[in-house]
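Read in numbering that gives the first Met the number 0, the sequence shown has 51 at position 52, and its numbers run on one by one without any break.
Treat the hints as calculated values from the structure; they're not laboratory data. Please note that the accuracy of each hint is not assured.
What the hints assert, rightly or not - Okay, derived cross-link-like pairs now, DSSO-like style, lysine-lysine, Cα gap no bigger than 30 angstroms in a straight line: (1) Lys391 to Lys298; (2) Lys720 to Lys748; (3) Lys489 to Lys391; (4) Lys374 to Lys391; (5) Lys1022 to Lys1046; (6) Lys298 to Lys345; (7) Lys757 to Lys871; (8) Lys785 to Lys748; (9) Lys326 to Lys391.
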Amino acid sequence: MPINFTVVPVEDQEGDGDSEAVAGGSRPSLGKIFRKEDDEENSQGAHLEDDSQKESSPFINTDDEEEHYYEDKNMALFEEEMDSNPMVSSLLNKLANYTNLTQGVREHEEAEDGVRRVAVKVPQMGTFIGVYLPCMQNILGVILFLRLTWIVGTAGILGSFAIVSMCCICTLLTAISMSAIATNGVVPAGGAYYMISRSLGPEFGGAVGLCFYLGTTFAGSMYILGTIEILLIYIIPNPTVFPESESTMSNTMRVYGTCCLLLMALVVFVGVKYVNKLALVFLACVVLSIMATYAGVIKTAIEPPEFNVCLLGNRSLNNKMFETCAKTVSVKNITEFTKLWGIFCKPNATCDDYFDLNNLTEIRAVPGLLSGVIKDNLWGDYGPAGTYLEKKSQPSVQAQESSSQTDKPYVFNDIATYFTLLVGIYFPSVTGIMAGSNRSGDLRDAQRSIPIGTIMAILTTSFLYISCVVLFGACIEGVVLRDKFGYSVKNNPVIGILAWPSPWVIVIGSFFSCCGAGLQSLTGAPRLLQAIARDGIIPFLQVFGHGKANGEPTWALLLTVGICEIGILIASLDAVAPILSMFFLMCYLFVNLACAVQTLLRTPNWRPRFKFYHWTLSFLGMSLCLSLMFICSWYYALVAMVIAGCLYKYIEYRGAVKEWGDGIRGLSLNAARYALIRLEEVPLHTKNWRPQLLVLCKLDSELSVKHPRLLTFTSQLKAGKGLTIVSSVLEGTYMTRGNEAKTGEKNLKAAMAAEKMKGFSHVVVSSNLRDGFSLLIQSAGLGGMKHNAVLMAWPAGGGQVHDSLGRRNFIETVRETTAAQQALLVAKNIDHFPSNQDRLMEGTIDVWWIVHDGGMLMLLPFLLSQHKVWRKCKMRIFTVAHMEDNSIQMKKDLQMFLYQLRLDAVVEVVEMHESDISAFTYEKTLVMEQRSQLLKQMQLSRTEREREAQSIHDRNTASHSTTNDRDAKATADRVHMTWTKDKLVNERNRHREGLGVKDIFNMRPEWENLNQTNVRRMHTAVKLNEVVVKKSRKSQLVLLNMPGPPKNKKGDDNYMEFLEVLMDGLDRVLLVRGGGREVITIYS
C-alpha cells in the first residue's frame, strides 16, 4: 500500500512558549549538548598544533570559528554530525571568503603603516600584472646586459643558440610541470618550496627548499656584483681605494660590494613596501634598455654608430690610453709620434718587434646589420686565460714575444673559455620562472593565470634572447663581442655601443635593473627561509622563523646577508653564476620529478586544471636539468647534490614528522604493494630466511612496556634487518579501551625508538588475552611480509598456583605457533639480559642441540654475534650422545657440519648414561602432580561451581543425613570446588603440612601410583638440567631446544613444571622451538 508524504515548510518561532508546547516540554539546546561533548573529548585527548591542524584539514580555511547552534528541523536527521560534517552552505561560504596573502607584501606594509585592514578584499591581479611582468622582471637582468655579447662572441652564433635553446627548453618544461602542480589546488606563499615539499615530502622539500634558498641568496650576490661592475667600470672608472696591483679590481669590488649589500639590507629591513614601490621603476629600466637595443639594431641598417676599434696587426687594443690609432701623426707638416709609439717604444731604444712588424688598423666596432659580419661570427673562438683578442681574418706578422706584455694596451681573455663554462654563466639569465607561482594568493584566478603568464613570459624572453644572439652576431664585430668589458670601445658596454641613442641608456638601465634584482633577492630569500623554519622540519633553523612584530624575518635576513657576503667576497660574477645555477637546476629537477611522480601514481587528489602536461615531458625536463648541472660544472654539481643529500638524511633522522600527503609516500605504497605481491608469488628460499619476529609484549597498568629488555634483545637479534612487529593485547572491548590501545601503541613506538629498533607496533583489544594472542599470531603482517617467529618472555610465576591463567595462555600460544608452523623463542629472566650499552668482553653463547629443529639453534647465535654487545662472545655447541652412539664420530660429524655452515664454534659431545630414577625425581613428580590436582580444582569455572552448589542443595533437600555421612567419608583426592574458598585454602594448607612430615619411605606406596610417563619426563629434565648447569652455568646465554606441549591438554600443568626443572639454576636462557622448516643450509 503506497504511503503519501506531504512536505510542510515549518518556520522557527521565537519565544519559548510555542516551541516548548510543540516539544512537549523544555528541551536542552543542541549547541549546549555539542559543546559539552566537545569539552569531554578535549579533556581526554591532547590538542594538535596549529600547523598540524592546517596541514591535515582537507579544506583551506581551518581557523577556529565561533560555535553556531543548529536547531533547524529540516536537517534534523544530520544534526548530531554537524560539528564534524558541516553543511554545504557553510563550507561554500568559507571557500568564497578565502584569501591568501603573499608573505612579506601586504601584511608587512599594513603593520608598518600602523593601519590594520580588517576587511579582506578579493585579489584582483590578472595574468599580465600578477604573473607575466614579475616573471619578465626576474628573467631579464644582469647576464643580458653584461655577458650575453661576450657569450655570443666566444661561442659563436650557433654555439650561443644551442646554449640559449637548452636553457630555455629546460625552463619551459619545468614551467609546464610547475603549472600542473600549481593548478592542483591552492599554492600558499613559499612557491617552489611549498610545491616540492607537499608533492615529494618534507625530506625532499626541506633539502631542495634550502638549495633554492641558497640559489636565491647567491643570486643576490650576483646582482650586487653586477651592480658594482657597472659602477666601477662604466660609471666611476679608476677607483682609488687600493694601490695599483693585480688584485686591485677584486679588492675594490669586495669593498664596494659589501657596502652595497649593507645598504640594500638596510632598505629591506626598514620596509618591504619601498622595494615593492620601486619594482615598477626597475622593470621600466629593463624594458627601456631592451627597446633602446632593438632601436640601435634598426639604426645600424641605416647608419652604423661611430665607434671604432684599433687593431695592431690582428690584435685588439685598449683605446682608453690613447686617442689616435696610428704610429705617427702629421701636425703642420711635422711628423710626430703618437701616444701608442710611446707605449710600445722606449726612449732612445728599439720598439716592440710586433709593433714594428705590423700596421695599425681602425675598423668599425658595429659594421651594421647588412654588413655580412654574421658569417664571421657563426663559429666560436675559445681560448685560455691571457690570450690576445684577435681578428682572425686580419693580416698579421708574428714576432718573438717579450717576457711581459701586461704593460702593453692589448685586450686579453681574463679567464679560460670553453662551452660548459658559458652554459653555467648563462643559465641564471633564464631563472625567475617561479615569480608567478609565488604570488598565487594575489591572483584573481591563479589556476588560469599561472600557466598562461609563466609560459608566455618564458616564450617572450626566449624570443628576446635568441633574437639578441642573432642580432648581436649580425651587427657587431667578433673581436668586439669577445671584449667582455668593452675596453676596446673606450670602456663602454658592448651592448651599449649598439643601443640608441646613447650607451648611457644601457649603463643606467642595467645599473638600476641589477639594483632592483638584488633587492628582490634580499626580500624573497629571507621569507623563503622563514617559511621553511616555520614548517619545523629542520630543527636547527627554528630561530629563523621569528622576526619583528609585523612578521618581518629579521634573523633570516641576517643569515641571508652573511651568505650573500660570501658570494661578494668571491668578487667575480663569472665564478658566482655557476654556483647559483646548480641550486636552481636542482630545484627545477625536483619540480619535474614531483609532477612525474604525481602523474604516474594517479592519486585521486591529482586533478590539475592545467591539462597540457605529460609525465614524459617531466622526465625529459628532469633529465635536461641533471645534464645541465654536470655540463655547467661537474664538481659544483656533486657538491650541490652532497649538500642536498646531507640535508635529506638530517631531516629524515632529526626533523619533525610531517604528513603532507606527498607523492613519495604514495610511491612507497605502490612499491610496497608490488614487493608484497612478488614476495607472495615465490616461496622463500632457505638462503633468504631470517627471523621475522612478532614480539609479544606485556603492558603494565600505566600502558608502558613491562619488559623493555625484550625489545633490547630483539634489536640485538635483528640488527635492523627484516620484519619486526611489536604487539600487545588489552582485555576489554575496543569501544571502551580504544584510546588506551592508541596510547599503548605510542608507548611501544617510544620504547622501540629508545632502543633504536625499526619495526611496527600494534596493540589489539580482545575480550581475553588468549584470543588476542591468537589473533596476532594468525593475522599479524601482510602478504609476503608475515612473521615466521614469535618472541616472548617466560611468564612470571609460571609454576605458581595464582597464575594459572597466564600459564594456560602461554601453553596455548606454544600450541598455536606450532600449528602455524612458526618458530618460537622464549626468553627466561629477560630483565637480566644485557642492554645495548653493555659490552660483553668475554664469555660464551652455549647451544644445547638436543633435537634437530631446522637449524634455528645454529642461526640465532650467529645473528647475535653480529651485534656489538655479543661480538666478543664465543659460540659453543653441545649435543647429547646415548649409550648406542659413537660420541667421537658424532663430534667429527658435527665439526664438519659446522665447517660447511661457515660457523665458528667449539663442539662438545655430552654422554648421558642410563641410570636409575632417583628418589628426588619421584619426589618432584609427586609434588608436581599434587600441585596439578590443586590447580585443576581451582580452574573450575563459576558456572560449574554454581551447578555443583545447586546439585548439593537438591541432594540436601532429599536426604540430609545421607549427605552428611558422604561428606564425612570424603577423601582429599575427591575434594570439589563445591566448598567455599576458605575451606579450600584450609584443606590445601592441611595437605602441605602433612606432606612435610612424611618420611621418604612412607612415600614409596604413593610413587607406585604415579604416572610413569611423567616420571620419565621428569627424569629427563632433571638429568639434562644437571649436565647443562655443570657445563653452562657461567655462560652469557644458554639456548635450549624447547620440548613441545603434550597433545593431551590434561598434562599442561605438568609441562610447565618440566620446563621449570629444565631451566633451574640458569640465569639467561632462550628456549627455541623450530617452525618445521630448514632455516640454514650448507649450499651457497
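Consistency of the hints with the structure:
no.: 1; hint: Lys391 to Lys298; result: holds (27 angstroms)
no.: 2; hint: Lys720 to Lys748; result: holds (17 angstroms)
no.: 3; hint: Lys489 to Lys391; result: holds (22 angstroms)
no.: 4; hint: Lys374 to Lys391; result: holds (13 angstroms)
no.: 5; hint: Lys1022 to Lys1046; result: holds (24 angstroms)
no.: 6; hint: Lys298 to Lys345; result: violated (43 angstroms)
no.: 7; hint: Lys757 to Lys871; result: holds (24 angstroms)
no.: 8; hint: Lys785 to Lys748; result: holds (19 angstroms)
no.: 9; hint: Lys326 to Lys391; result: holds (22 angstroms)
Checked against the numbered hints above, the structure breaks only hint 6 and satisfies the rest.
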